[in-house]
Amino acid sequence: MSPPRGNATEHERVITPEAFEQLRLRTRRFIDEELAAGHFEPQCDSWLIGFDREFSRRLAAQGMVGMTLPERFGGAGLTALHRFVVIEELLAAGAPLAAHWFAERQVGPAMMRYGSEDMQKEWLPRIARGEVCFAIGLSEPDAGSDLAAVRTRAEPVEGGFRLHGTKIWSSNAHRCDAIVVLARTSDEGRKHAGLTQLVVRLPDPTVTVSPIQSIDGQHHFNEVVFEDTLVGKNDVLGTVGAGWRQVVGELAFERSGPERYLSTMPLLRAVVAKTNGRHDLDRAVADLLSHISTLRHMSEQVARSMSDGSAPDPVAASVVKDLGTRLEVETVDLAHRLARAVDTPSPRLTRLLREARVQAPGFTIRGGASEILRAIIAKELVR
Amino acid sequence: MSGRDFFWPDDPDLRVLADSVRESVSAAERGAVLAPDNDIWQRWIAMEFDRVGLPERFGGPGGTLHDVVTVEMTLAAVPVSLPALATTVLTHELLGDLDHPRERGLLPLLPQRPAPLVDGRVTARIDGVWWYGGTSSLLLPVVLGLDGGSAQAWSLARLDIDEKDVVVSENLAGEPRARLDLRERRVTVLDAHWALSRYRKVQATAVLLTAARLVGALREVRDLTVTYVAERRQFDRPLAVHPVVQQGLAEIAEQVSAALAALDLAARTGHAGQAFAAGHRAAEAAGVVARLSHQLQGAMGTSREYPLGLYTRRLWAWTDETDLVERSLALLQQEVNERTEVRGDLWAAVEALRGSGRPA
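Chains as they are written, first to last, in my numbering: chain A, 1 to 383; chain B, 384 to 743.
It should be emphasised that the hints constitute simulated quantities derived from the structure, not laboratory data. Bear in mind the structure is a predicted one, so any value in this text is a computation, not a measurement. Careful: at least some of the hints might be erroneous.
What the hints assert, rightly or not - So the derived label-pair ranges between C-beta atoms look like this:
1) A/15 to B/544: 50 to 56 Å
2) A/277 to B/567: 49 to 55 Å
3) B/578 to A/277: 46 to 52 Å
4) B/425 to A/70: 56 to 62 Å
As the list claims (entries may be wrong) - Here are the simulated DMTMM-like cross-link-like pairs (lysine to aspartate or glutamate), alpha carbons at most 25 Å apart as the crow flies:
5) A/274 to B/728
6) A/379 to B/388
7) B/547 to B/393
8) A/379 to B/606
All residues carry an ideal CB built from backbone N, CA and C; glycine is no exception.
Input sequences plus hints: build the corresponding full structure.
Here you go:
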């Protein structure tokens with residue numbers, strides 16, 4: 001058993017506004033130190049494109065990765081609200097989080113919920129140390145929003161499964177240690193049945209990871225092809241055939257977090273700093289403030305509802321994601337307008353403006369396209 | 384959603400309060416504007432619903448900001464009109480700690496700028512004043528001197544009603560509103576120690592109460608729309624099954640959720656800036672939801688007989704008569720600009736709306 005880890009003070013463990021304020025201040029101090037040391041430059045969409053394993057390790061050493069994991073697995077044993085405080089500060093600062101993001105946000109919680117004891121013992125301490133990178137293998141060439149249409153197959157064999165198929169849009173799979181794959185293990189019943197989640201360790205000679213360049217030429221998306229890949233039975237995540245239910249639960253974790261309205265915050269902060277004193281721009285800034293403050297409270301309320309370990313409400317999570325990502329997209333235009341109004345942008349501001357522009361089309365697609373989210377919300381309303 | 388209102392506290396006490404308020408006006412005729420001599424209003428007074436939130440030391444039953452907001456929200460979603468709580472709450476806010484009775488019959492006036500006080504007399508024209516009757520005296524913020532400079536001394540004045548100063552009309556929602564034309568009216572000065580910051584707090588409460596009423600009407604409009612699209616069939620299917628209808632329905636639900644959340648945060652924190660954000664968010668939602676709900680309920684929604692129009696007229700009236708989008712944003716930005724520690728720092732300003740901030 002690991003000793004209580006990280007630097008979460010006893011005071012911070014309590015769920016009071018003062019405790020969260022302490023944690024927030026400690027997170028800000030860490031960020032300030034990292035910035036002062038030149039360890040990172042604020043980036044838009046830093047949870048997806050800011051990949052820095054060393055930063056992840058240093059953050060983990062502060063007890064700020066895998067915060068909700070139990071102490072016996074090296075986590076901090078804190079609540080979703082504690083994590084919320086830390087994550088939003090890191091996102092607002094544009095810190096590089098991609099190297100541990102998927103492991104920390106969804107793989108760890110999924111393993112806690114569905115994984116075997118052996119799987120938990122193997123992976124969770126590594127996740128909490130910020131030293132393991134997971135990719136996610138959900139989408140396929142013919143299965144995007146219609147996720148249950150996955151064709152990747154896992155055939156049962158002695159000791160496990162053999163995997164065949166193709167996954168796409170797997171962020172950072174080319175530099176990850178493992179990928180969680182949703183595969184069909186049975187054709188019986190409805191198409192939502194017969195799906196299973198499998199952990200595939202990388203690199204593997206039977207797994208080909210090919211880059212999919214983004215529109216700005218960057219490489220973080222990948223196509224991942226599995227050709228007769230052997231997956232041991234110990235690497236089955238959860239129950240065979242229960243993959244759909246498990247993934248839907250994970251998607252709710254994915255949808256309600258602060259990354260759904262803070263992807264452009266480093267840019268907005270940089271631009272608004274330049275509008276100081278320009279009262280002709282006050283209205284735009286107040287409008288921004290009102291929207292962000294509201295979304296932040298909504299996201300926090302979902303996190304609060306998860307503080308006793310419950311899964312997030314899927315509809316509330318969908319509402320946060322749809323409103324949040326639409327705001328992110330709208331703020332890119334706003335940021336460009338404000339930037340033009342105040343000054344010739346500095347090289348740093350120009351970089352942020354461009355980053356936000358090219359990342360923005362993905363905001364309302366990844367993690368559930370807006371149209372799908374709205375269908376989920378509407379169906380629940382008339383149920 | 385855990386109920387349609389995930390972003391509002393799931394508090395049994397608030398539910399009981401809302402049910403009691405709803406029940407208290409259930410006998411009223413649809414569309415009625417209740418006057419003080421009405422039995423229902425009298426029952427309201429007997430149950431002290433019109434004084435919720437007023438501390439016991441001032442003769443009220445006490446209560447939280449969430450209680451106050453709940454009463455306003457509930458009344459906005461029933462088909463009768465009465466001045467609810469706002470009169471009491473704003474009277475109390477204007478009086479502050481002043482040892483002055485919070486008597487019924489006092490009407491608080493909140494002009495955008497305080498009226499100038501010269502030789503103990505006030506001249507002012509104020510539009511959109513709630514006018515349900517039963518008013519005996521007015522409370523009015525005033526400033527000493529006409530220069531408009533920073534050295535103004537703020538006061539609170541009380542004056543008796545003179546019917547010839549009042550022109551009564553009604554707003555788009557059929558609610559009584561008055562224009563007051565005060566010409567060199569002699570006033571009694573109640574408090575000589577006032578400041579702009581305190582007036583901002585009163586304005587914040589006024590905006591919060593308007594936001595609460597809007598959210599109450601927004602929820603009613605959402606629920607009417609949900610019922611309609613679930614029951615109405617077109618092309619052999621319920622409207623709610625058509626994807627394009629689902630998109631509109633979800634947008635309505637999202638806007639209502641956001642307005643509720645902003646209101647909840649404002650009620651939790653009591654922060655003036657967040658009250659203005661709640662006003663802005665509710666007003667913005669009102670525009671979107673009124674448009675989409677009419678679109679989804681088709682021609683039926685435009686008839687007087689059908690209930691939708693009563694609530695959409697409230698949404699339009701309450702946002703238009705106070706120019707709520709623009710006014711909320713202007714007040715929010717003034718609030719931020721006055722806090723030097725967050726000026727120009729968007730993230731610190733967001734944090735400050737929760738009533739906390741990064742220490743200097």
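Here's how the hints hold up against the structure:
1. Roughly 51 Å separates the CB atoms of residue 15 of chain A and residue 544 of chain B, a value that falls within the hinted 50 to 56 Å.
2. Evaluation of the 49 to 55 Å hint for residue 277 of chain A and residue 567 of chain B yields a failure: the beta carbon distance comes to about 41 Å.
3. Checked against the hint of 46 to 52 Å, the C-beta distance between residue 578 of chain B and residue 277 of chain A comes to roughly 24 Å, which is inconsistent with it.
4. Against the hinted window of 56 to 62 Å, the Cβ-Cβ separation of residue 425 of chain B and residue 70 of chain A comes to about 60 Å, which satisfies the hint.
5. Of the supplied pair hints, the one linking residue 274 of chain A and residue 728 of chain B holds, its CA atoms being roughly 9 Å apart against a limit of 25 Å.
6. For the hint linking residue 379 of chain A to residue 388 of chain B, the alpha-carbon distance of about 15 Å falls within 25 Å, and the restraint holds.
7. At roughly 48 Å between alpha-carbon atoms, residue 547 of chain B and residue 393 of chain B are farther apart than 25 Å, so this suggested pair is violated.
8. Between residue 379 of chain A and residue 606 of chain B, the direct Cα distance comes to roughly 14 Å. Compliance with the 25 Å bound is thereby established for this hinted pair.
The structure fails hints 2, 3 and 7 (numbered hints given earlier, in ascending order).
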